[in-house]
Every structure is written in C-alpha cells, then in structure tokens.
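Please build the complex by placing chain B on the supplied structure of chain A, with the hints as guidance.
These protein sequences, in sequence, are chains A and B.
Heads up, the first sequence is in our numbering, so the first residue is 88 and it goes up one at a time.
Heads up, the second sequence is in our numbering, so the first residue is 4 and it goes up one at a time.
Treat the hints as calculated values from the structure; they're not laboratory data.
Quick reminder that beta carbons are idealized off the backbone N, C-alpha and C, glycines included.
Quick look at which bits of chain B chain A covers, simulated, 3 or more residues with Cβ under 8 Å:
no.	stretch
1	78-86
2	108-116
The calculated label-pair distances, taken between Cβ atoms and stated as ranges, are:
no.	chain 1	residue 1	chain 2	residue 2	range
3	A	Pro252	B	Asp32	38 to 44 Å
4	B	Glu193	A	Leu231	39 to 45 Å
5	A	Lys102	B	Lys82	41 to 47 Å
6	A	Tyr278	B	Asp93	18 to 24 Å
7	B	Ile141	A	Leu108	47 to 53 Å
8	A	Glu235	B	Lys140	25 to 31 Å
9	B	Ile184	A	Lys287	43 to 49 Å
10	B	Val63	A	Leu141	29 to 35 Å
11	A	Tyr278	B	Glu189	41 to 47 Å
12	B	Lys252	A	Ile215	51 to 57 Å
13	B	Ala119	A	Ser260	22 to 28 Å
14	B	Gly115	A	Asp129	56 to 62 Å
15	B	Val19	A	Lys102	16 to 22 Å
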Amino acid sequence: MIQLSYLDYLAAEGKSWLHRLSPKLKIIGMAFVLLGIVTLRDPSGLLLLYMVLLSLFFISRIPLKIFSLTLYPLIFASLFIFISGFQILFILLIFLKVLCGSTGVVLLLATTPYPSIFRALGRVLPSIFVTALFLTYRSIFILLTVFEETQHALHLRGGLQWRHPWRSLINISNAFGHLIIQGIDASERMYESMVLRGFKNKIHYRGE
Amino acid sequence: MRDGEKIVEVDCITHVYPDMTKVQICGLDFIVNRGERVSILGSNGCGKTTLLKHLLGILVPRDGSVKVFGLDPGKEYSKIREKIGVVMQDVDEQILGPTVYDDILFAPLNYGIPKAKAEALAKDVIDRLNIGSIQGKIVHYLSGGEKKKVALAGALVLEPELLILDEPFTGLDPMSKRDLIRILNELNGEKGITFIMTLHEVDLVSEVTDVLYLMHGHGDLSERGRPDEIFGRFKDLEHFNLEEPTLTKLFKGLKKEGLDFGDPLRIDEAIRSIKNHWDENLKNRS
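Isolated chain A, as found in the complex (with noise of 0.2 Å):
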C-alpha cells in the first residue's frame, strides 16, 4: 500500500539540500524534466535524464521503499509493448519516459510539503485550478485510507479467500461501489465543512 502520509513525512523533514531547496526552483526543474520527457526523442538523451533523476534522488537520501512508487506506472507502460508491435527501441522509449516523468513526480513530492508546491503552483495558475488540484491531492489521503479499512474489512470477515475465487471476485467488485459511495459522500461532506468555514474558491496557504 502506497504510504502517502510517509512521503508527507519525508518532505517536511528532510534535511538535505534538494529538502531545502526552493519549492519554485523545484517545480521550474519538475518543468524542465517534462519538456525534456515531451522532446527527447532519443533514448541515450532520456537514459541521462533519468540517471541524473536518480542521482538526485539518492543524493537525498530517500528511502529505497519510496523508489517502488516510481515504477508503478510502468505497469500501465507494458501496454506499449504490445501496441508497438514489440519494437524494442519504441518500448525503451515509452519505459524511460515513464520512468522520468515519475520518479521527477516522486522526488518532488519527497522534498517538497505538498501546501509548499500548491503555494508555488498558485502565483502562475489560477487559483481555482490549483484549489481543485490541491482538494484532490488531499482526496487521495482519504481515498486511500478509506480503501485500506475496506481491504481490512473484507479480509476480517473472511471477504477475499483464494479457495472462493468468484466470490471473492464478487466481493471486490462490491467494495469498489462502496468506496465509490464513500468516497462521494466525504467529499460532499468536506465541501459543505469548507463552505461553513467560509470558503470562497480559493485555500490561501501559510506564508502567502
């Protein structure tokens, strides 16, 4: 399970000097390793790209078990494999941008607070769209704790079971419904706290 709330951690409490670094220069780097993602076309020019990612990542001394989260979407890039036709050249493509593009992701999010990079994000964007990006961050923290109770919950009362396959399947398939009520319902729940406090289309951040 992705542990959010530890990456949350590592970025308030990081010490080293890519955690001190500027929240803007960060993000203003993030963009640059999305151009260099979106224009490199050869794979010699992203494998370095995606060596001085790493190096960055390992010279801020972030945990090996937070480097999982950078291949996750590697999962959905084996898709190319067969789109392409199993063209190899085509496939490293597809992987190191994939690789580039999130492990940039990650290394921000494990050096920079997330108010720090929505704060940044606010005076180039509007403020509107950068709310929504930030309730939707924050969703994320509650999605996935809501599905960790739901996972507990199925496996507490006997819900996932390799000898029952179809009903386990069954019961999965159920528990995504019920995130889904849930998580709409927290949501909805949340918007009306935040109206009752005031809010006015725009979370001003600490600093600002």
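Only chain B this time, still in chain A's reference frame:
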C-alpha cells in the same frame, strides 16, 4: 479450550506508524482468559485501537509478540478468523453489504456455509438484536446507532468465541447504550463469548467488565484488575486523564460528610447499600 484458558496474550509490542509515531504497548502483559469481559480505558491517542489492530493482525509489531488462540494473528489470522467477531470504531469501514440483510449474510457466505444455514444464522442474530424492521434497508441511510447494531450483527452471526469492540458506545443514545450492554452481557452469560473492548465511558465500565486495563501515554499498560479495585485507587488515576465514575464521586463525597455507604459502582449496588444502611439505622433506633 476450557473456561479461564488464555486466549489472548500480548507481550510488550512496539509499533511505528508511517509518520514515525512510536507506540510501545508495554508495562503489564495483556492477557485475556476465555469467558472474560475485558475493557481497556485510556485517553485519546494512548494506543487502545493500535492494540486491537494487533490482535486482528491488521498491524504487525516491530518487537514483541501477540498470540490469539495460540497463533500469531499477523501471520495466521485466516486460521482464527471465524472465531473472532469485530466491531470497529467507525462501523462504516466494516459494513460492506448493500442492505442490512446482505451485510449480515456476508461472512457466512464467504466461508462457504450453505445458504439455508446462513439465512438461519442471520435470522437468529436479527431476532436477538431486534433489527428485523431494518433488515431490508440500505445500510447507507441508517442512523449511527442502527449501523452499530448491524455491525454487531455481522460480527455475531458466526457465533464467535471472541468479540473485539472498539469504542462500541460512542455516538449511541442512552437507550441504545443500555440495549448494547444488555446484549453483550447476555452473550457473555449464555454463550460464554469473551469480549475485549475499548471505551471512554467510565460510568459504563462496571456494568460490562470483569477485568479492566488502564492505558496511558503511548501504550503504557499500567493497571489491571476488577473495576472496583481500580476505581478505589482513584488518586492514582488522574494522570490517565480519567474522571472517576459518577457513583464513585457521589459516594466518596458522602463519605467525606460522614455518611459511609461503601463504594458501589453500579446503581443496583448503590440502592442495596443505601437500603441496608437505612434498615440498619431503623433497627438501631427501634
């Protein structure tokens, strides 16, 4: 397993949360014998729920050991799962069926119990908890108290040997609390179900507890005993962030005024004590 046999043993466990908060449940060993009603009292954030999650195998300790029915729940929970019923603090987390009836049938069907038998078990528990009127309702629209009963029904349907309840009285109105106490005591008396619960309601402890544990700080289990033994030592309990039971306060106050009616913890005991003293007084005067 015979009555009085240890079914839960926890020996000084350490858990570290993702935000690096460390909880060390130490001090006394946490032991629960078959047939006991065990309560854990403690302030918010002291580790009560963390302890319960270790018993359920949801959390695994970094150090120390946990044994439930002789097995490590972190590794072998599936072997003891059917013997344990759970009611979580937030019951929305554990109610998974679309309707009340579906949710009660959830566990029996998962364990491959034939539908007819599962329905018979569900009917028994619905009757016991008196929730027949809501069995067809969509769970989402139930009140907090009704959801608690549904969660309890789901936990009891397989007639567990051990029931684990995390703050079961939170959010319930007084009548629902009374109801729940009655049901839990009946289950313990008639079926010998052992239960472990965490709670904040000091006034309810004596009605539903044989053994009381006090927890404070970050998991320090420092007191174990009968409720009357522990509340009798109230001077030492302030640092647990606990208020003494109302009856204890009342009778201690009366004692200070020279009226010693003993230390009853329950209303019926208090009534008996006052009546006995009254009768004694009348006898002495005549």
